[in-house]
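Q: These are the residues of each chain, in order.
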Amino acid sequence: MIPVKQKRVLAIASSGGHWVELRRLRPAWKDCQLIYVSTSKSREQELIKEAEEDGTPLPVFYDVVEASRWEKLKLIRQLLQLLIILLKTRPDVIVSTGAACGYFALKIGKTLGARTVWVDSIANAEELSLSGEKVAGCADLWLTQWEHLAESNRKGTLRYEGTVV
Amino acid sequence: MMFLTVGNELPFDRLVKTVDQWCGASKQHTVFGQIGSVGEEGYKPVHFEWEEFLSPQAYQDKCAEAELIIAHAGMGSIITALEVSKPVLIMARLAALEEHRNDHQVATADRFSQRKGVFVAEDEHILIEMLDEKSCRSGNMALEQIEPYAEERLIRTIRNFILS
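Chains as they are written, first to last, in this note's numbering: chain A, 1 to 165; chain B, 1 to 164.
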């Protein structure tokens with residue numbers, strides 16, 4: 001087994017609500033080698049502030065372009081940026097709460113041999129998010145924050161293990 | 001001061017306009033709004049100061065300073081309000097009005113309506129009533145500050161997976 005301090009974890013979410021949810025999971029990767037990725041450079045500020053306050057090492061941070069599902073060119077750019085980041089950092093585990101950038105990271109990461117975690121946003125109470133649905137095949141740990149969604153999953157691979165709030 | 005936020009993505013004219021009208025009519029309240037990229041066409045408030053977007057730090061500061069947060073029913077806004085233990089008044093974006101691609105915010109609003117300090121306005125009229133209502137904009141509402149972390153079970157599941 002690899003010691004905690006040598007586990008490399010890449011945590012990724014688009015800026016906004018997804019990021020807020022992702023950050024609430026941070027005790028899960030305590031003491032690991034950490035790489036954060038988001039769609040806004042400004043997110044780095046809170047990481048710097050936290051590292052200073054807690055006296056912990058500053059995690060590596062990368063930003064990629066923000067892209068919605070309708071912006072094809074931006075999506076391609078985001079995909080390429082993520083490919084480079086993943087090739088450079090080679091994480092053991094990738095964790096995402098969404099949205100498109102998280103889906104891409106899990107998809108590419110999986111082919112590079114990383115193990116993957118998807119936590120679908122708590123905002124998706126009636127059905128999984130589009131990315132959450134599409135990520136099914138490449139999420140080793142595939143979680144929803146709604147019990148009834150896990151129960152109605154036919155294959156039983158979608159799990160409920162609690163919520164971010 | 002009340003802090004109005006529509007989140008990181010889309011503008012939400014119906015909410016912004018209602019708060020602006022209320023602010024103009026009541027004349028005794030200060031509001032600061034983060035109203036998204038309104039562009040040329042979108043509604044621009046005239047009765048309060050606003051920005052399209054704020055840096056995460058400025059956003060935090062506004063939340064901490066506000067006695068009431070008025071927001072769309074987005075997770076980021078709701079969680080941030082709970083983390084700084086401020087009352088939050090939310091109105092969901094509706095797909096029928098093209099305010100979002102689906103009605104997931106209605107479900108979010110429903111879920112959080114049971115939490116102390118979270119108030120849900122089903123529409124603009126109720127929003128105005130709620131804004132008028134003293135209870136919900138009192139600065140000394142005793143709200144518990146929530147932990148900055150997810151539920152223990154979820155964290156443990158992910159940590160075990162990472163370490164396995």
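Keep in mind that the hints were calculated from the coordinates and are not lab data.
Since we're looking at a predicted model, the values are computed, not measured.
Note that the Cβ used here is the ideal one computed from N, Cα and C, for glycine as well.
Be a bit skeptical, because a hint or two may be false.
Pair ranges (Cβ atoms, derived) [stated by the list, open to error]:
#, chain 1, residue 1, chain 2, residue 2, range
1, A, PRO3, B, ILE126, 50 to 60 Å
2, B, GLU41, A, LYS41, 42 to 52 Å
3, A, ILE2, B, ALA96, 19 to 29 Å
4, A, LYS5, B, SER85, 53 to 63 Å
5, A, ILE2, B, GLU49, 32 to 42 Å
6, A, ALA51, B, GLU41, 40 to 50 Å
Q: All hints, please: hold or fail.
A: Hint by hint, here is what the structure shows:
1. PRO3(A) / ILE126(B): 50 to 60 Å: The hinted range 50 to 60 Å holds for PRO3(A) and ILE126(B), with Cβ atoms some 55 Å apart.
2. GLU41(B) / LYS41(A): 42 to 52 Å: About 28 Å separates the Cβ atoms of GLU41(B) and LYS41(A), which means 42 to 52 Å is violated.
3. ILE2(A) / ALA96(B): 19 to 29 Å: violated (51 Å)
4. LYS5(A) / SER85(B): 53 to 63 Å: violated (35 Å)
5. ILE2(A) / GLU49(B): 32 to 42 Å: Once the Cβ atoms are compared, 52 Å apart, the range 32 to 42 Å for GLU49(B) and ILE2(A) is violated.
6. ALA51(A) / GLU41(B): 40 to 50 Å: Check passed, 42 Å falls within 40 to 50 Å.
Hint compliance for this structure: hints 2, 3, 4 and 5 are not met, and every other hint is.
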